[in-house]
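*Asks:* Using the sequences plus the hints, can you model the full thing?
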Amino acid sequence: MVESRPLLYSVLAGLIAGIISSATYIALVPVDSIERLIEEMVNYQVESRSITEEEARSVLSLVSFIRGPLTWLFYVSPVMNMVLLGAILGVLLDALTRKLTIKAGTASLIVGALLVSLQLVFLYSMYDGLLALILARHIGVPLALLPSLLYTALLVVFNSVEGPWSTIASSKPEKY
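Per the numbering used here, the very first residue in the sequence shown carries number 360; after that it's consecutive.
Misleading hints may appear alongside valid ones.
[As the list claims (entries may be wrong)] Straight-line distance between alpha carbons at most 20 angstroms, and here's what the computed SDA-like set of lysine to any residue pairs gives:
| id | residue 1 | residue 2 |
| --- | --- | --- |
| 1 | K458 | L473 |
| 2 | K462 | E362 |
| 3 | K462 | A472 |
| 4 | K462 | L367 |
| 5 | K458 | S363 |
| 6 | K462 | S525 |
| 7 | K462 | E398 |
| 8 | K458 | A446 |
| 9 | K462 | L443 |
| 10 | K462 | R395 |
| 11 | K458 | L367 |
| 12 | K462 | I378 |
| 13 | K458 | V442 |
| 14 | K462 | V370 |
| 15 | K462 | A512 |
| 16 | K458 | I469 |
[Unchecked claim] Quick list of simulated restraints, FRET-style, between CB atoms:
| id | residue 1 | residue 2 | range |
| --- | --- | --- | --- |
| 17 | N402 | G499 | 36 to 44 angstroms |
| 18 | K458 | P389 | 43 to 51 angstroms |
| 19 | P523 | M485 | 24 to 32 angstroms |
By construction, these hints were calculated from the structure, which means they are not laboratory data. Glycine included, each C-beta is placed from N, C-alpha and C at the ideal position.
*Replies:* Spelled out as structure tokens, the structure:
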């Protein structure tokens, strides 16, 4: 038996949301869009700092050198991010259900709304909203919010509906 069912469901929801988001990004976001997004962010960083032209050229050449790994990371990072966020938010979810005795479905909505809200605040506050504009231009803000929205939906389903995942959380180990 699992010690904390909400924590397990949160990590599981994060894993599944990350995998689905990564697959969606691979299918819908071309590599050149990611490269242009990286280029535009770096150009903004270079222009906003008071550095010499020589330093700017060296930064841009370095970014062009590591653009391939950065692009690959864009497609893989949703899985890693969502599993980590699932574990962190699972602790909050567990606290809400145990300490405040909020129903698991309601607590799932609260945690999911918190995640989406924090992501929106981050997107629209970074670089005075420029990050959201650049994302909208190259990827789309709804697509950037996909992992968080999927996580929230899955978490609510896992904590509100009985399904095959219920047996995983309540199965006993073969040996003690």
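*Asks:* Now look at each hint and say whether the structure bears it out.
*Replies:* Hint check:
Between K458 and L473 the alpha-carbon distance is near 18 angstroms, which keeps this suggested pair within the 20 angstroms criterion. Taking the CA atoms of K462 and E362, the gap is near 17 angstroms; set against the 20 angstroms cutoff, the hint holds. Taken as a hint, the K462 and A472 pair is honoured in the structure, with Cα atoms around 15 angstroms apart against an allowance of 20 angstroms. For a cut-off of 20 angstroms, the pair hint linking K462 to L367 stands: about 16 angstroms separates their Cα positions.
With a CA separation close to 13 angstroms, the supplied pair K458 and S363 stays within the 20 angstroms bound. Among the hinted pairs, K462 with S525 is consistent with the structure: their alpha-carbon atoms are about 16 angstroms apart, no more than 20 angstroms. Distance restraint check for K462 and E398: the Cα-Cα separation of roughly 46 angstroms exceeds the 20 angstroms cut-off, and the hinted pair is therefore not satisfied. This hinted pair checks out: K458 and A446 have alpha carbons roughly 18 angstroms apart, not beyond 20 angstroms.
Taking the CA atoms of K462 and L443, the gap is about 23 angstroms. The hint is violated against a cut of 20 angstroms. Between K462 and R395, the direct Cα distance comes to roughly 44 angstroms. Violation of the 20 angstroms bound is thereby established for this hinted pair. A distance of roughly 17 angstroms separates the Cα atoms of K458 and L367; the hinted pair therefore holds under the 20 angstroms criterion. Pair hint K462 plus I378 does not hold up; C-alpha atoms about 27 angstroms apart against a cutoff of 20 angstroms.
Of the supplied pair hints, the one linking K458 and V442 is violated, its CA atoms being roughly 24 angstroms apart against a limit of 20 angstroms. A hinted pair counts as satisfied when its Cα atoms are at most 20 angstroms apart, and K462 with V370 qualifies at roughly 18 angstroms. A distance of roughly 16 angstroms separates the Cα atoms of K462 and A512; the hinted pair therefore holds under the 20 angstroms criterion. Of the supplied pair hints, the one linking K458 and I469 holds, its CA atoms being roughly 15 angstroms apart against a limit of 20 angstroms.
Between N402 and G499 the beta carbons are some 20 angstroms apart, a value that contradicts the proposed interval 36 to 44 angstroms. The beta-carbon spacing between K458 and P389, approximately 46 angstroms, falls within the hinted interval of 43 to 51 angstroms. Checking the proposed 24 to 32 angstroms range against P523 and M485 shows it is violated: the Cβ atoms sit about 39 angstroms from each other.
Violated hints, in rising order: 7, 9, 10, 12, 13, 17 and 19; the structure is consistent with all others.
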